[in-house]
Amino acid sequence: MSRAFRFAPIGVLLLIIAALVWRLATPKDNNVHSTMVGKPVPAFDLPSIVPNKPALSSADVATGQPHLVNIFASWCVPCITEVKVLKALQGRGVHIDGIAVRDRPADLADFLARNGDPYERIGSDSQSDVQISLGSSGVPESFIVDGKGVIRFQQIGAIEASDVPMILSKLEQAR
Amino acid sequence: MIAETGLGALWLAAGLAALQFLLMIIALRSGADVRRPMRSIAVVQGVLTLIAFAMLLLVFARSDMSVALVFENSNSMKPFIYKVAGAWGNHEGSMLMWVTILAVAGAFVALLAHRTSERTTVAALGAQAVLALGFYAFLLIASNPFARLWPAPMDGQGLNPLLQDPGLAFHPPTLYLGYVGLSVAFSFAVGALFTGEVDSRLARAMRPWVLGAWILLTLGITAGSYWAYYELGWGGYWFWDPVENASLMPWLAATALLHSINVLAARGALKAWTMMLAVVAFSMSMVGTFLVRSGILTSVHAFAIDPQRGTFLLALLAIYVGAAFILFAVRAPFLKEGAPFELVSRESGLVINNLILSVILGVVFVGTLYPLLVEAVTGEKLSVGAPYFDAVAGPLALLLAVLVGIGPLIAWRRERRPVFKPLAIPALLGATALAISIILDPGMRILPRLGFTIAAYLAAAAILPLVGRNPLRAPLATWGMVIAHFGIAVALAGMAANAAFSSERLAIARPGDILNVGPWEVQLADVTPTAGKNWTAIEAELRASRGDGIIMLAPQSRFYSDPPTETSESAIRTCWNGQLYTVIGKQDVSGAWQLRLWWKPFVTLIWAGGALIAIGGALALLGRLWRLVWRRRPTPEEWRRERYA
Numbered sequence: 001m002s003r004a005f006r007f008a009p010i011g012v013l014l015l016i017i018a019a020l021v022w023r024l025a026t027p028k029d030n031n032v033h034s035t036m037v038g039k040p041v042p043a044f045d046l047p048s049i050v051p052n053k054p055a056l057s058s059a060d061v062a063t064g065q066p067h068l069v070n071i072f073a074s075w076c077v078p079c080i081t082e083v084k085v086l087k088a089l090q091g092r093g094v095h096i097d098g099i100a101v102r103d104r105p106a107d108l109a110d111f112l113a114r115n116g117d118p119y120e121r122i123g124s125d126s127q128s129d130v131q132i133s134l135g136s137s138g139v140p141e142s143f144i145v146d147g148k149g150v151i152r153f154q155q156i157g158a159i160e161a162s163d164v165p166m167i168l169s170k171l172e173q174a175r
Numbered sequence: 001m002i003a004e005t006g007l008g009a010l011w012l013a014a015g016l017a018a019l020q021f022l023l024m025i026i027a028l029r030s031g032a033d034v035r036r037p038m039r040s041i042a043v044v045q046g047v048l049t050l051i052a053f054a055m056l057l058l059v060f061a062r063s064d065m066s067v068a069l070v071f072e073n074s075n076s077m078k079p080f081i082y083k084v085a086g087a088w089g090n091h092e093g094s095m096l097m098w099v100t101i102l103a104v105a106g107a108f109v110a111l112l113a114h115r116t117s118e119r120t121t122v123a124a125l126g127a128q129a130v131l132a133l134g135f136y137a138f139l140l141i142a143s144n145p146f147a148r149l150w151p152a153p154m155d156g157q158g159l160n161p162l163l164q165d166p167g168l169a170f171h172p173p174t175l176y177l178g179y180v181g182l183s184v185a186f187s188f189a190v191g192a193l194f195t196g197e198v199d200s201r202l203a204r205a206m207r208p209w210v211l212g213a214w215i216l217l218t219l220g221i222t223a224g225s226y227w228a229y230y231e232l233g234w235g236g237y238w239f240w241d242p243v244e245n246a247s248l249m250p251w252l253a254a255t256a257l258l259h260s261i262n263v264l265a266a267r268g269a270l271k272a273w274t275m276m277l278a279v280v281a282f283s284m285s286m287v288g289t290f291l292v293r294s295g296i297l298t299s300v301h302a303f304a305i306d307p308q309r310g311t312f313l314l315a316l317l318a319i320y321v322g323a324a325f326i327l328f329a330v331r332a333p334f335l336k337e338g339a340p341f342e343l344v345s346r347e348s349g350l351v352i353n354n355l356i357l358s359v360i361l362g363v364v365f366v367g368t369l370y371p372l373l374v375e376a377v378t379g380e381k382l383s384v385g386a387p388y389f390d391a392v393a394g395p396l397a398l399l400l401a402v403l404v405g406i407g408p409l410i411a412w413r414r415e416r417r418p419v420f421k422p423l424a425i426p427a428l429l430g431a432t433a434l435a436i437s438i439i440l441d442p443g444m445r446i447l448p449r450l451g452f453t454i455a456a457y458l459a460a461a462a463i464l465p466l467v468g469r470n471p472l473r474a475p476l477a478t479w480g481m482v483i484a485h486f487g488i489a490v491a492l493a494g495m496a497a498n499a500a501f502s503s504e505r506l507a508i509a510r511p512g513d514i515l516n517v518g519p520w521e522v523q524l525a526d527v528t529p530t531a532g533k534n535w536t537a538i539e540a541e542l543r544a545s546r547g548d549g550i551i552m553l554a555p556q557s558r559f560y561s562d563p564p565t566e567t568s569e570s571a572i573r574t575c576w577n578g579q580l581y582t583v584i585g586k587q588d589v590s591g592a593w594q595l596r597l598w599w600k601p602f603v604t605l606i607w608a609g610g611a612l613i614a615i616g617g618a619l620a621l622l623g624r625l626w627r628l629v630w631r632r633r634p635t636p637e638e639w640r641r642e643r644y645a
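Going down the list, the sequences are from chains A and B.
If you're matching positions, the first sequence starts at 1 in our numbering and goes up one per residue.
If you're matching positions, the second sequence starts at 1 in our numbering and goes up one per residue.
Next up, chain A with everything else stripped away, as it sits in the complex (with noise of 0.2 Å):
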C-alpha cells in the first residue's frame, strides 16, 4: 500500500481540523456585506410614493454632494427609533435619501408624521428590487454615496445614537 494512501487521512483530518478551529476562535458574522461597496450606485429609477415628497433615481443621489441613502420601510420596527437619529443627521446638514420597501403609501405617510421626516426624497421599491441590487439584506441598511455616485460605506441595522460620529466621518471622507 501506497504511503500517500496511508497518510493522506492524515493530512484530510488536519485541513478539517484547522477550519474548525478557526471557525470557533472566529466570531460567527450572520451579517450579508455588500459586495457593491466601492463600486458606483446601480442604475434605478424609483416612483414617488407619498405626496409632495420627490422621487428617487440614481442621478439624485450623485449630486457632488456626499447622500445617505436610507432602506426602510413603514412596517420595519427598528426604522422607528432610527428616523430620531437620522433626523439629528439631518439637523448636522446630511442629505438623507429614502428606499421604502415593500411599503403602502398611507402606511408610509402615516410613519412619517408620526416619527418625523429627515427624508430629502423618497423612492418606493415595491419589490425590494432596487435593495437587492445595492447588495442588501435587510431593513434598515444605509448606504454613504460619494459625490460621483460610488458607494463609499454599508451600514447593516439601524443607525444608533452612538453611530452619529461615526457615520459623521464617514460622510467627511466621502466628501
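None of these hints come from the bench; they were simulated from the model.
The beta-carbon is built from N, C-alpha and C at its ideal position, and this holds for glycine as well.
Watch out, some of these pointers could steer you wrong.
[Claimed, not checked] Below, computed lysine-lysine pairings styled on DSS-like, alpha-carbon distance capped at 30 Å:
no., chain 1, residue 1, chain 2, residue 2
1, A, K84, A, K148
2, A, K39, B, K381
3, A, K53, A, K148
4, A, K170, A, K53
5, A, K170, A, K148
6, B, K381, A, K170
[Said to hold, decoys possible] What the simulated footprint calls covered on chain B by chain A, stretch by stretch (three residues with Cβ under 8 Å from a Cβ of chain A suffice, anywhere in the stretch; the number is not a length):
no., segment
7, 307 to 317
8, 363 to 373
Position chain B relative to chain A; hints supplied.
Showing chain B alone in chain A's frame:
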C-alpha cells in the same frame, strides 16, 4: 440526593475507565492476563453510567427545578412523556446518554468478546476506555447535567415545542445508539491494528456491532426524515441540512464497512481498507456529534453555540481520530493481504460498492464542509444545498442501485458463469417502466425517470438470490440482504414518484373557498380556535374529496406558552397511493388564511423502503447472532488453544 447520586456514579465510572486504560497498558507491556479484571471493570462502568442516566430521568420525571438542567428544559405543565424525553432533548442530557451508551456497549464487548485473541480484546477494551474517559471528562468539566440551582425556581422554562413530539422520544436515542455502536468497531480496529491481528475472526467479532449500529442509524435517519416531514411543515423529506448530512455520513461509511467486513470475514481480504473504514465510520459519528453540539454550522439542529464546549469536543475528536489515523499509517504496511481474487468475483463487486459509497461519502463531506473551508480561506460566504447534492450524489446513487442488483449474483473468488443471464427479466421490467414513464409523462426530468426505471429493475433483481433454491433453506443473512436490497428499490420508487408527481398549492383562502391540488378538491370549511394542555391553536377544518366521499383534515397553527413559540401542525391523510399534506399558515389583513396543500403520490414508499432496509439488517443480524451463539460456539479445544496461544 438524586442528582448527587448521579454525579457520584459518573465520577466513579470515570475513575474505572482510567483504571481500565491503565490495565491495558500493563497487560500489553508485561503480557499479564488481565481479561477478567478488565471485564469486571467494564461491566461495573456500564452499570454506573446506567445509574447516572436513571437519576437524570428521575429528576426530570419529578420536575425537580433545583436542578439547573430541568429548570432550563422542562416545565411542570408538560405532558409526562415529554418531561422524561426532555432529559435528552438538551445538550448535557444528550451527552450523558451518549456516554451511557458508550459505556454499556463497552460492557457488552467485555462480556461477549471471546472470538478475538486475548491481546486484541484487551487492546480493544482499552481503546473503548480511552474513548469513554474523554467524554466523562467532557461531561464532568464542561457539561455537568446535575448542576444545582439555589434558590430553586418555582417552575421551569419549558422545552422547545418542536421537540414536544413522540419523534423526540425515539429519534435521538436511535441515532446515538447507532453512532456509539460504531465506537465498538473503532475500538476493535484500533486494538487489532495495535496487535496486528486483523483477520476473519476479528471481522466476525466486529460484524454484529457494525450491523446493529447500521440498523439503528438506518432507522434513526428514516424516522428523523419522517419527523422533519410532518413536523416542520415544509413538505420535504430531506433537506441536505448539515446535521442531516452528519447522520448520513456515518451511515454511508457503515454501509461500506458492512459490505467490506463480509469480504474480510469470508476471504480474509481487504484488511487495511476495512480497518480504515471502521475508523472513518466512528470518526464520522464524532464529527456529527461535534457539528450538532458545537452549533458551528447554521442548521435547524444547531441548538447552542458554546465555544468552550466546542473546543473541548474538537480536541477529543482531533486526539481520537488523529491517533487512530497515525496508528493506521504506521501499522497498515504490516498487514498481510489475504486470499487473492479475480476481476469478476464477489470481492471485486464489493470493492466497487465500497468505492462508490466512499465517493458519495466524499461528496457529502465536501458539500457539508465546503462553505466553512471557503469562508476560512477567502472570507466569502456561500451555502451548498440540494442542487449540488442532487446533481452529484444522485447519479452515483443510481449507478450503485444498478450494481446492487448484480453483485449478489457473482460467486466468491472467481465467476465463470455468465452473470447477466438471470438479469433478463429485471432488465425487461426496467425497460417497461421506462417506456411507461415516457408515454405517461414525456416531460419528466431525467433523475426521476431513471429512478423509476432502476427501481423496477432492482425490485426484481434483488429477489434473484432466492430464486433457483429453496427459499426456506436460505440463510437468514441472505433473506436479510434480499429484503434490504428490495427496500432500496422501494425507497427509490418513492423518491422518484415524489419528485415527478408531487403537486403543490399555496393559496389565500376564506372559509367556503375550494382549492384544487392534484386529483383533490379541498374546501376550507371553517377556522376555529382550540386548546391543548400547554398550547392554544387555530385549527382549520378542511373537507377533501376526489370523487369518492369526503375526508376531514384539521391542520393547526399552534402557540405554545412556555417558551412562547409558534409551530405549525400539518394534517396528513395517507391513502394507498399517496399522501394529502395540508398546512395552515397566517391570517392576512383582510381576514383570509394562508393554506398550503400538497398531493404527494407514493411518497410513503420512501420511509417504507427505509424500514425494509432496517428490517433486512435486523434479519441478517439475527442470523449472525444465531450462528454465533448456537452453532459456532468454540469447542473447549479451540478455546484453550486461543487462550494460551
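The hints, checked one at a time:
With a C-alpha separation of about 28 Å, the suggested pairing of K84/A with K148/A holds against the 30 Å cut-off. Proximity of K39/A to K381/B is assessed by CA-CA distance (about 20 Å); at most 30 Å being required, the pair is judged to hold. Of the supplied pair hints, the one linking K53/A and K148/A holds, its CA atoms being roughly 24 Å apart against a limit of 30 Å. Straight-line distance between C-alpha atoms of K170/A and K53/A comes to about 27 Å, which keeps the hinted pair within the 30 Å bound.
A threshold of 30 Å between alpha carbons decides the hint, and for K170/A with K148/A the separation of about 15 Å falls inside it, so the pair holds. Our distance criterion of 30 Å between C-alpha atoms is met by K381/B and K170/A, whose separation comes to about 26 Å. Counting residues of the segment 307 to 317 of chain B whose beta-carbon sits less than 8 Å from any beta-carbon of chain A gives 5, enough to reach three: the coverage restraint holds. Check on the segment 363 to 373 of chain B: 3 of its residues sit with their Cβ under 8 Å from a Cβ of chain A, so the three-residue criterion for coverage holds.
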